[in-house]
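2 protein chains.
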Amino acid sequence: MIQELTILNLLRDDLQRVEQKMRSMGEKAYGPLAEAFLHLIGSGGKRLRPALALAAYDFFAEPASAEAIAVAAAVETLHTATLVHDDLIDGAAVRRGRTTLNAVWGKGAVVLAGDYLFARAAGFAAETESVPVIQLFADTLRIICEGELRQLFSSRQWRQSKETYYPRIFAKTASLFASATRSGAILGGASVEQEQALYDYGYHVGMAFQIVDDILDYSGDEATLGKPVGGDLRQGIVTLPFYHFLQAQPEPEAIIARLDAGEDAIAEVVALVRGSDALELAFGEARAFAAQAKADLVHLPAGPFQAPLVELADFTVSRHV
Amino acid sequence: MIQELTILNLLRDDLQRVEQKMRSMGEKAYGPLAEAFLHLIGSGGKRLRPALALAAYDFFAEPASAEAIAVAAAVETLHTATLVHDDLIDGAAVRRGRTTLNAVWGKGAVVLAGDYLFARAAGFAAETESVPVIQLFADTLRIICEGELRQLFSSRQWRQSKETYYPRIFAKTASLFASATRSGAILGGASVEQEQALYDYGYHVGMAFQIVDDILDYSGDEATLGKPVGGDLRQGIVTLPFYHFLQAQPEPEAIIARLDAGEDAIAEVVALVRGSDALELAFGEARAFAAQAKADLVHLPAGPFQAPLVELADFTVSRHV
Numbered sequence: 001m002i003q004e005l006t007i008l009n010l011l012r013d014d015l016q017r018v019e020q021k022m023r024s025m026g027e028k029a030y031g032p033l034a035e036a037f038l039h040l041i042g043s044g045g046k047r048l049r050p051a052l053a054l055a056a057y058d059f060f061a062e063p064a065s066a067e068a069i070a071v072a073a074a075v076e077t078l079h080t081a082t083l084v085h086d087d088l089i090d091g092a093a094v095r096r097g098r099t100t101l102n103a104v105w106g107k108g109a110v111v112l113a114g115d116y117l118f119a120r121a122a123g124f125a126a127e128t129e130s131v132p133v134i135q136l137f138a139d140t141l142r143i144i145c146e147g148e149l150r151q152l153f154s155s156r157q158w159r160q161s162k163e164t165y166y167p168r169i170f171a172k173t174a175s176l177f178a179s180a181t182r183s184g185a186i187l188g189g190a191s192v193e194q195e196q197a198l199y200d201y202g203y204h205v206g207m208a209f210q211i212v213d214d215i216l217d218y219s220g221d222e223a224t225l226g227k228p229v230g231g232d233l234r235q236g237i238v239t240l241p242f243y244h245f246l247q248a249q250p251e252p253e254a255i256i257a258r259l260d261a262g263e264d265a266i267a268e269v270v271a272l273v274r275g276s277d278a279l280e281l282a283f284g285e286a287r288a289f290a291a292q293a294k295a296d297l298v299h300l301p302a303g304p305f306q307a308p309l310v311e312l313a314d315f316t317v318s319r320h321v
Numbered sequence: 001m002i003q004e005l006t007i008l009n010l011l012r013d014d015l016q017r018v019e020q021k022m023r024s025m026g027e028k029a030y031g032p033l034a035e036a037f038l039h040l041i042g043s044g045g046k047r048l049r050p051a052l053a054l055a056a057y058d059f060f061a062e063p064a065s066a067e068a069i070a071v072a073a074a075v076e077t078l079h080t081a082t083l084v085h086d087d088l089i090d091g092a093a094v095r096r097g098r099t100t101l102n103a104v105w106g107k108g109a110v111v112l113a114g115d116y117l118f119a120r121a122a123g124f125a126a127e128t129e130s131v132p133v134i135q136l137f138a139d140t141l142r143i144i145c146e147g148e149l150r151q152l153f154s155s156r157q158w159r160q161s162k163e164t165y166y167p168r169i170f171a172k173t174a175s176l177f178a179s180a181t182r183s184g185a186i187l188g189g190a191s192v193e194q195e196q197a198l199y200d201y202g203y204h205v206g207m208a209f210q211i212v213d214d215i216l217d218y219s220g221d222e223a224t225l226g227k228p229v230g231g232d233l234r235q236g237i238v239t240l241p242f243y244h245f246l247q248a249q250p251e252p253e254a255i256i257a258r259l260d261a262g263e264d265a266i267a268e269v270v271a272l273v274r275g276s277d278a279l280e281l282a283f284g285e286a287r288a289f290a291a292q293a294k295a296d297l298v299h300l301p302a303g304p305f306q307a308p309l310v311e312l313a314d315f316t317v318s319r320h321v
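Just so you know, the protein sequences line up as chains Z and R, in that order.
First residue of the first sequence? That's 1 in my numbering, and the numbers climb one at a time after it.
First residue of the second sequence? That's 1 in my numbering, and the numbers climb one at a time after it.
Read the hints as simulated data drawn from the structure, not as lab findings.
All copies of an identical chain are treated as equivalent in the list; a pair is satisfied when it fits inside any one copy or across any two copies.
Lysine-lysine pairs mimicking PhoX-like chemistry, simulated, CA-CA at most 25 angstroms apart:
#1 Lys162 / Lys294
#2 Lys28 / Lys162
#3 Lys227 / Lys107
#4 Lys28 / Lys46
#5 Lys28 / Lys107
#6 Lys46 / Lys294
#7 Lys46 / Lys21
#8 Lys227 / Lys46
Required output: the full structure, derived from the provided sequences and hints.
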C-alpha cells in the first residue's frame, strides 16, 4: 500500500508542513470557496509530487527550507488545479471515489476555482524567490496545457502512433514529476549533473506512473480505481494498451467500427483489450522506465534517500491487478 | 478616438515589439491553436495595459528593455486569458464585435486555451527575472480570480452596497492596471515613492475605466460596444449605475420583482436605468477617480510622459455617449 512507502514516512513532517500550507490557503479563500478547496485539497491525493520535490531537495540540504516547502505546495496545487479543469472537461462527477467540484457547482464556478488554484500555485512558486524554479514552473504549466489540448484535438483518432503517445504522457504527468525533482534539486543546491539526474529520475518515474495509470484504466476495478473502467476509450483517448491491442489485430478496421457503434460496443472492446496481452506489453514498457529511474540514482549522493527512491520507482510499477 | 491617444503614438515602436512577442507565441502554439490565438491576440484590444507598463518604465529608463517588453506582454496575455474564460462563463458568442473562441470550439478546448494563455502570461512574467514583478503578477492573478468568483457568487443579489462594488471592480480591472504600472516602475528602477505613485495612478485610472465600462453597458449602443446593451443586469451583475438607480427608487422591491419576471421585464428596467440620473451619478465617481489619477502624477519626474498620462486619465472618462 502507498501509505507504507518509506519515502512518505521519511518525509512525514515536511509533507505535514506542505499540507498545512495548502490548507491555510483553502481556509483563507473567499467564503463559498473555502469549504470546496478544503474538500479538494483533502481528496486523498497521494502527495507523490511534493514528496519528489522534497526528496530531491533533501539530497543536498536538510531540513526542508521554507522555499522547499513552497515549491512542494506549488506542484501539488498545480496538479489539483489541472484535475479541477480536467473533471470539468470530462464531465466527471467522481474522482478518487469522491464527488468532484463539477458535480456540485456550475461550469463557471469550476472554471474559476481551477484558475484560482493556478494562481495560488504560481504564488507558491514565486515564494521560492528562485528565478530558475519559477521559469521551470511556468514552462511546465505551458507543457501541461499544450498536452491537454493535443489530447483533446486528437480525440477519437484511433490509429495514433506510439510517437504521439509518449509526448502526451510526458506533458500530462512526467513533466510535473520531473519539474518537482528538478526544482527540489535547484533549491537544494545540486550540481548541474545532479540536477539533470534528478530531472531524469522524475521524468522516468512519471512516465512509468502514467503508463500504469493507463493500464489500470483497463485492468482496474471501479472500487479501487475510484472511477469507471474504460474511461479513456469512451472519451476517445488512445493509450498504450489500446495501441498494442490494435497493432495485434488482423482487422483493426473492424475494431474501430465498433468504437463508433455506441456504449455497449465500446464496453466489448474494453473487455477485449483487458483480455489481450496488450496490457502486459504496455507493462513491460512501464517497467523499463522504472528501471531507468533507478539507474538515474547512481549519479546522486549516497544517504537515506537512495533506497526509498528505488522503492518508489518499484512501487509505480507494482500498482497493477 | 483611442487611436489618437498620444501615449499610444509615443509608445508605438515598443507596443509593436509587444505585439510581435505575443504573435510569435501564437504562431508557435500547437497547430489548431495557432490560428485561434492569432485571432484572439488580434481582436482589437486597446493595448492600454501594456502601454501603462511601458509608460511607467519609460519614466526612468529608455528605450524599453527586453524585460519591460516581457512584462507588457505578460499583462496583456493575462488579460486575454481572463477574457477567454469570462466569455465561456457568460456564454458570450461575440466580443468587440468578433466571434469568441467560445462560439467556435467546445467547452473543453476553451477552458484549456485560457489555461494555456495563463501559462504563457506566467512565462512572460518569469522572463523579467524580477522576483517582485513575478510575485506581483501571481498575486494579481489571484485577485482577479477571487474577484470573478465573488461576482459569480453574488449574482442576482440586487441590493448590494457600494462597499462590495468597489473591491469587485478593483479585482476585475484596476488590479491589473495598477500591477502594470507598478511592474514598469520596478523594472525601470523607480524609488519606493515613485513606485507607489505609479501604482496609484494605474489603480485610479483602472477604477475610472471600469466604472465607465459599467455605465456604457447601459448607455452604449451595440454597434460601438461590440456586445448587447444591459448585459450586466441580465447576468445578474449589480454595477454602480444600478446601485444608484435602486437607491433613488421609492419602491425598490417593485423593481427587483421585475428583474425576476423574464427578459422583457429586465429590458424595461435597463431602459429605466438608462433614462435615470443614476448614470450621471456614477459618472461623477468615475471623474473623481480620473482626477485622483492625474494628481498622482505630481510625484513623478517631468518629461514626455506627464501630459500623455493626463490625457489618458481624461480619456477614460470621455468614453460616454
